Amino acid sequence: DQQVKQNSPSLSVQEGRISILNCDYTNSMFDYFLWYKKYPAEGPTFLISISSIKDKNEDGRFTVFLNKSAKHLSLHIVPSQPGDSAVYFCAASAPGAQKLVFGQGTRLTINP
Amino acid sequence: NAGVTQTPKFRILKIGQSMTLQCAQDMNHNYMYWYRQDPGMGLKLIYYSVGAGITDKGEVPNGYNVSRSTTEDFPLRLELAAPSQTSVYFCASSYPGASSYEQYFGPGTRLTVT
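These protein sequence lines map, in sequence, to chains G and E.
Position 62, counted from 1, in the first sequence is what this note's numbering calls 62; the numbers after and before it change by one each time, with no gaps.
Position 2, counted from 1, in the second sequence is what this note's numbering calls 2; the numbers after and before it change by one each time, with no gaps.
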């Protein structure tokens with residue numbers, strides 16, 4: 001049972017354009033959502049998060065949107081840069097769980 | 001701070017051999033985790049610990065064991081290695097009460113069982 005799903009294994013975007021990565025979840029108890037970025041041969045690093053009481057969180061070029069009724073969140077990167085090429089994981093946590101459930105990841109490639 | 005460190009970086013095991021993957025963190029985090037990542041898949045939780053002496057199973061614990069005798073260290077033991085355990089293993093840590101549930105990851109150990 002995949003509670004967090006990233007249905008696009010890969011995404012290719014031109015440099016300077018907007019990258020939109022999507023994530024769906026099934027567990028309505030999830031109250032916190034995170035995005036991680038992973039370069040080859042490195043561990044994932046935290047990028048941005050959002051609480052279920054919000055619908056948007058912004059940090060520089062990165063914005064996460066949460067649509068609770070649709071159980072959907074998205075990560076927007078504007079403008080996209082070559083250094084953004086990486087695998088992006090969506091993750092979610094339920095209250096008090098102190099555990100994260102990860103999606104399968106989306107490989108983002110930024111083309112010059 | 002070194003953050004989360006993992007050793008070894010790479011290892012090849014023969015079927016039936018055993019080994020321990022080491023993980024250490026110097027951030028005084030109470031919570032530690034072991035994940036595995038298979039190609040094209042997300043991170044699956046193997047075991048986690050909320051403090052020294054306390055461990056619990058995650059999503060895919062079969063074939064693994066853990067111990068947590070100190071806050072800093074959280075080794076993962078593979079007994080009787082099988083090809084299905086070929087994967088990249090990540091250790092992570094976090095501190096309780098972190099409002100963002102953020103976990104800090106080590107660089108990973110790439111394990112091949114042949």
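Honestly, I wouldn't trust all of these hints.
List time: in silico BS3-like cross-link candidates among lysine-lysine, alpha-carbon distance up to 25 Å [stated by the list, open to error]:
#, chain 1, residue 1, chain 2, residue 2
1, E, K9, G, K37
2, G, K99, E, K14
3, E, K57, G, K99
4, G, K56, G, K5
5, G, K5, E, K9
6, G, K54, G, K71
7, E, K44, G, K71
8, G, K5, G, K71
9, G, K37, G, K5
10, G, K37, E, K44
11, G, K5, E, K44
Looking from chain E toward chain G, a few residues come up when the C-beta cut is under 8 Å (computed) [said to hold, decoys possible]:
#, residue
12, P39
13, M41
14, G51
15, G53
16, I54
17, T55
Bear in mind the hints are in silico, worked out from the structure with no lab data behind them.
For clarity, every value in this text was computed on a predicted model and none was experimentally measured.
Glycine is no exception: its CB is placed at the ideal position from the N, C-alpha and C atoms.
Hint check results:
Of the pairs offered as hints, the one joining K9/E and K37/G holds, with about 20 Å between alpha carbons and a cut-off of 25 Å not exceeded. The hinted pair formed by K99/G and K14/E fails the criterion: a straight-line CA distance of about 32 Å is larger than 25 Å. Of the pairs offered as hints, the one joining K57/E and K99/G holds, with about 11 Å between alpha carbons and a cut-off of 25 Å not exceeded. Between K56/G and K5/G the alpha-carbon distance is near 20 Å, which keeps this suggested pair within the 25 Å criterion.
Distance restraint check for K5/G and K9/E: the Cα-Cα separation of roughly 29 Å exceeds the 25 Å cut-off, and the hinted pair is therefore not satisfied. For the suggested pair K54/G and K71/G, the alpha carbons sit about 13 Å apart, so the restraint of at most 25 Å is met. A hinted pair counts as satisfied when its Cα atoms are at most 25 Å apart, and K44/E with K71/G qualifies at roughly 21 Å. At roughly 11 Å between alpha-carbon atoms, K5/G and K71/G fall within 25 Å of each other, so this suggested pair holds.
A threshold of 25 Å between alpha carbons decides the hint, and for K37/G with K5/G the separation of about 16 Å falls inside it, so the pair holds. With a CA separation close to 16 Å, the supplied pair K37/G and K44/E stays within the 25 Å bound. For the proposed pair K5/G and K44/E, the alpha carbon gap of about 13 Å is at most 25 Å, so the pair holds. Among the interface hints, the one on P39/E is violated; its C-beta lies about 10 Å from the nearest C-beta in chain G, farther than the 8 Å criterion.
Against a cut-off of 8 Å between C-beta atoms, the interface hint on M41/E holds, since the closest Cβ of chain G lies about 6 Å away. About 11 Å separates the beta-carbon of G51/E from the nearest beta-carbon of chain G, more than 8 Å, and the hint is not met. Given hint, G53/E at the interface with chain G, is violated; its Cβ is 17 Å from that chain's nearest Cβ, farther than 8 Å. At its closest, the beta carbon of I54/E sits 12 Å from a beta carbon of chain G; the interface hint therefore is violated under the 8 Å criterion.
Proximity of T55/E to chain G is violated relative to the hint, the smallest CB-CB distance being about 13 Å (cut-off 8 Å).
Checked against the numbered hints above, the structure violates hints 2, 5, 12, 14, 15, 16 and 17; every other hint is satisfied.
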